[in-house]
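All chains should be built: construct the whole structure from the sequences, respecting the hints.
Chains as they are written, first to last, in this note's numbering: chain A, 1 to 342; chain B, 1 to 342; chain C, 1 to 342; chain D, 1 to 342.
For the record, the hints were derived by calculation from the structure and aren't laboratory data. From a predicted model like this one, the values you see are computed outputs, not experimental measurements. Honestly, I wouldn't trust all of these hints.
The list treats identical chains as one, so a pair stands whether inside a single copy or across any two.
Listed next, the in silico PhoX-like pairs over lysine-lysine satisfying Cα-Cα at most 25 Å (straight line) [stated by the list, open to error]:
{"id": "1", "residue 1": "70", "residue 2": "203"}
{"id": "2", "residue 1": "153", "residue 2": "20"}
{"id": "3", "residue 1": "20", "residue 2": "306"}
{"id": "4", "residue 1": "306", "residue 2": "153"}
{"id": "5", "residue 1": "306", "residue 2": "203"}
{"id": "6", "residue 1": "88", "residue 2": "153"}
{"id": "7", "residue 1": "8", "residue 2": "70"}
{"id": "8", "residue 1": "340", "residue 2": "70"}
4 protein chains.
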Amino acid sequence: MIIICEAKATETQIGALQQKIQEAGLVVHRSDGVEYTVLGVVGDRNRLDVGVVSMMPGVRDVVLVSTPYKLTSREFHPEDSIVRVGEKSLVGGMEVTVMAGPCAVESEEQIEATAQFVAASGAQILRGGAFKPRSSPYSYQGLGVEGLKLLRKAADRNGLAVVTEVMTIEQIETVCEYADLLQVGARNMQNYPLLTALGHVGKPVLLKRGMSASIQEWLMSAEYILNEGNAEVILCERGIRTFETATRNTLDLSAIPVIKHLSHLPVIADPSHGVGIRRFVAPMARAAVAAGADGIMVEIHPNPDKALSDGPQSLPFEEFGLLMNRCRIIATTIGRRLGKAK
Amino acid sequence: MIIICEAKATETQIGALQQKIQEAGLVVHRSDGVEYTVLGVVGDRNRLDVGVVSMMPGVRDVVLVSTPYKLTSREFHPEDSIVRVGEKSLVGGMEVTVMAGPCAVESEEQIEATAQFVAASGAQILRGGAFKPRSSPYSYQGLGVEGLKLLRKAADRNGLAVVTEVMTIEQIETVCEYADLLQVGARNMQNYPLLTALGHVGKPVLLKRGMSASIQEWLMSAEYILNEGNAEVILCERGIRTFETATRNTLDLSAIPVIKHLSHLPVIADPSHGVGIRRFVAPMARAAVAAGADGIMVEIHPNPDKALSDGPQSLPFEEFGLLMNRCRIIATTIGRRLGKAK
Amino acid sequence: MIIICEAKATETQIGALQQKIQEAGLVVHRSDGVEYTVLGVVGDRNRLDVGVVSMMPGVRDVVLVSTPYKLTSREFHPEDSIVRVGEKSLVGGMEVTVMAGPCAVESEEQIEATAQFVAASGAQILRGGAFKPRSSPYSYQGLGVEGLKLLRKAADRNGLAVVTEVMTIEQIETVCEYADLLQVGARNMQNYPLLTALGHVGKPVLLKRGMSASIQEWLMSAEYILNEGNAEVILCERGIRTFETATRNTLDLSAIPVIKHLSHLPVIADPSHGVGIRRFVAPMARAAVAAGADGIMVEIHPNPDKALSDGPQSLPFEEFGLLMNRCRIIATTIGRRLGKAK
Amino acid sequence: MIIICEAKATETQIGALQQKIQEAGLVVHRSDGVEYTVLGVVGDRNRLDVGVVSMMPGVRDVVLVSTPYKLTSREFHPEDSIVRVGEKSLVGGMEVTVMAGPCAVESEEQIEATAQFVAASGAQILRGGAFKPRSSPYSYQGLGVEGLKLLRKAADRNGLAVVTEVMTIEQIETVCEYADLLQVGARNMQNYPLLTALGHVGKPVLLKRGMSASIQEWLMSAEYILNEGNAEVILCERGIRTFETATRNTLDLSAIPVIKHLSHLPVIADPSHGVGIRRFVAPMARAAVAAGADGIMVEIHPNPDKALSDGPQSLPFEEFGLLMNRCRIIATTIGRRLGKAK
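Spelled out as structure tokens, the structure:
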């Protein structure tokens, strides 16, 4: 912690600061500049409350030297983490993993047709919502457990792993029965009791970025899971909220290289929720791969115009097939491999 | 629903649209402009998915005529709702209700001293956190049930009602035992299972605005609670996330008159979380009252520099006393009454 | 400047940093923490480029100790600045100054009727646009010099000062002939050639905050004017851009106390542009006064529904009269005086 | 224009609306829904002020059917526009144009070395600032005309075109002498007098997006230039302002496909300003090409750590060379060609 004193701070104020630091069992280094005195504090940061110090008389600013997250930080874990999903997929290594499927599981026909296409196109993980968080109480809320069963069956028949959202602590056990990767939605990114519970689960977690979460807060939420003992966390950029209304959210692709720099955890992108409009999904999916994402999650549907939920952002199969082909080459360009080896 | 066709939409496309509408059992009015054809759809909006329509060929834009919220809308409930909290407080009428107390309950001495001052200064409701959502797993997480007991006791001894946060469905029953008003924090504004559960509780709910929630989304979250049968909801503006970093959040006081216009529900402001810095709290509290808030919620602490949580935004007692006096006059200026009648 | 080294920074890297600092003629203090080494740099900050240092190997972060603005900072000018506008108005002292008038000057009748009401209601400054920046080339662009003349005449007849916008360097001379206070619009807040030119003018400047300008950038823009020799600058908060669409902008009233803390310059608020919708203007004007603004600028119009420009945010006279009465009491509550002494 | 009446609008109010529309010489279609009456207005939108209508009694909302921009809209100009820059470059066709160079021109050696590398790597246009808009009056402001001369000479010697910023109307003539493409910076995107003047210039204009400009406002600013007679406009996405602080701006790559959908004008991306940190530039440049940008503008410097301006975001030559190779393949993947044919 570094304390910058006000230009007009008195010796008495600076003395009181130094005493406060020493009382907390920390060491203080004083440095007198032309305009400002700066106090460097050495020792365990948790022994001194930054807020309290920042309100003491004579204090102009307090700067934290260390990041508030440790387990997720690349500083103390320089190698990339690789997260196993299901039996065959490794996320975060040289592969670019593709997760695809409908927004919501609607019927056996729909999910089976989708799973077949997903597998045929070389993707590895089937996505599909069974429990849906909806901003309106009057909207379609998902098939629930029945949807999970359909999802699992379709995935198994086609050699795919399953990712699906878990919304509450009570759902965790059930979802674990059917899914290989547990998704935490953007609205739950700071649902700390849920994150804590997921820290005790033997399955990997896909943690979506909150709609207005800073990258640091996102990593802090991952820290909750790692701190409870589950190190299998994949991050997913899905768009942040800005003033722009031409797209549903603003997909922040710069989060991809930033996360790769700050953390060892894998990070993927969800262009479907990121833009929310079908015609803009493929360009952004390609861009995500080019930016170095460890994977993409794309909504597809056998008949998007009949989808019960988020149809307007789902790609029809043929467009998804074309997208896969293009992303495969882009991945190769930056030394990676997209999709199942064939 | 109004469908605006593309300038180059063909008769076949427009015909397909009209057919789709009629198949849904709705009536369509067609209007041909100079550049665009517009289709007006009459009937129950839930029978036609706006997303699906918006992706049909020839469609340029779809405009929803009715608001997605009904029960919270002033359109169908023109009179102000008044919510009773505890035995004596009515929020949303001519009174401006004041809720004050520490961020977190820390000890019997702390909460008792605070409650005495809160009561003496004319405020009606004691606030204090027992379960604390913290962005870091390494931060102080609250006293839990023990905190609730201390809060209740201090409130009872001083004739105050109690507001405190409930973070999970499991906590609801316990919190209901001790609190008169159940607070849903900003991070839980879109925790739909929690909102649904609170719709079945016989206590009023204080619903904080999410950090990046639009006013419409906020009202939709209230709708979840009302739709389950609990009409006793108070809204609380607590700052939104913007690019500005000089304050912790940007307290959006214009939300106060906007909510009063759109909804019949009471709305209060929380300047302490809104700005996050002690010296800016009082001006914003005064501004909230001047803007027409039905109440304010202010963090105070007998010794803010020793507070375990959010001390830097807590007012010391004497500043809070001065603030109360000023707000009392401002309330009178706009025809309202702040604080307990004496 | 404080340089925080990476946890894994080598002695060679730290040595190179120290050398770089010393070569720039600055003094360096080294402090070794448990995880990080910190270098404190003492001396003239302009001798070392923060960007260059931040990209040197081994550097984790660079923190600037001093603010980039000096002349506008309260640190080196603790007393409030008071800016004289016209012969009679002093902005920034104990008075709360009211500026009112139409968005655009439209006709002699309109501006004369308005000026009479403005004067009668106790406001001191007449506002009105003659050169209008419009986001569409197809919108009404103002009366130009003819508008300035009408504005001046109406103000003089009613004992008011004049504030109006200047959009280009070429307009400065002309606008100076007719106006007492030169307004720089939000879109020009970072038009540095214009700011520089206004630094050489013998009239005060009203600098509006840019739509997405941080408070620090806003103060830096004021610094441009002060640095050229014109210290008569008044700041004006007029709403920032956020994701919220219920209002045109989000009026950031917390900027008022923040500016009062950071700078000695007067700061006023413009609720009319801040919210953009008539029915929300009065509550926000009251809130601005309660928050401690040194003035408010309000759009009024004898017949708002016929206004050529921004009619929907203009108050009719009677509403403005009521607002003045309420704001007068609010100002008194916090020890100030609003409007002309009578 | 579509007018949606309030649920409780009276016949008298609706009648007044209809009369107002007819008086403006427009045709009105009335449609009575279950809850709301909707009025469709047919005819020239400029004859009726949307703001005025929206404040009339009984009006709930007004929806504009047509876009406010015409000349820039793809609706009335379905084919891609191709803009010629210098003698050899065509921006907006099948080529992906690369513009590269230092943030600021510093010396003959610097710009000559850069131009050689730019040409050798297959890029077509040399960028470099001579007039620099700087947020601090104490920062380096550029070499001015001397910089323009150096830029032109270096470009000519290496067969490149020149793009550079023009900040004021007065500079236009001089900049036109030396540059092939006139850049309007983000801070000037809504400097309407400057845009109007550039509408009369016989050179193409590169219009950067304002820091908080919506895509619609950006297109409206382009409309200013086209409306004055200059149709040679290229748009440039350079990052918008959000709450995220890990990058300088948030590069909104979804703006690329959105602009391609809404407008016929070419659109490029500037990842250097978009992220502001060297290590994140290359991934975002690749992403921009993958998203379908018609070009990229990248800051490079022979010795970035010694750059006088924005060094921390400049790529060293070798990194730029690698980036070019990768982008070339990505462009091919989506059916385009990047860089000079060789």
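Requested in this report: May I ask which of the numbered hints given earlier this structure violates, with the numbers listed in increasing order?
Outcome: 2, 5 and 8
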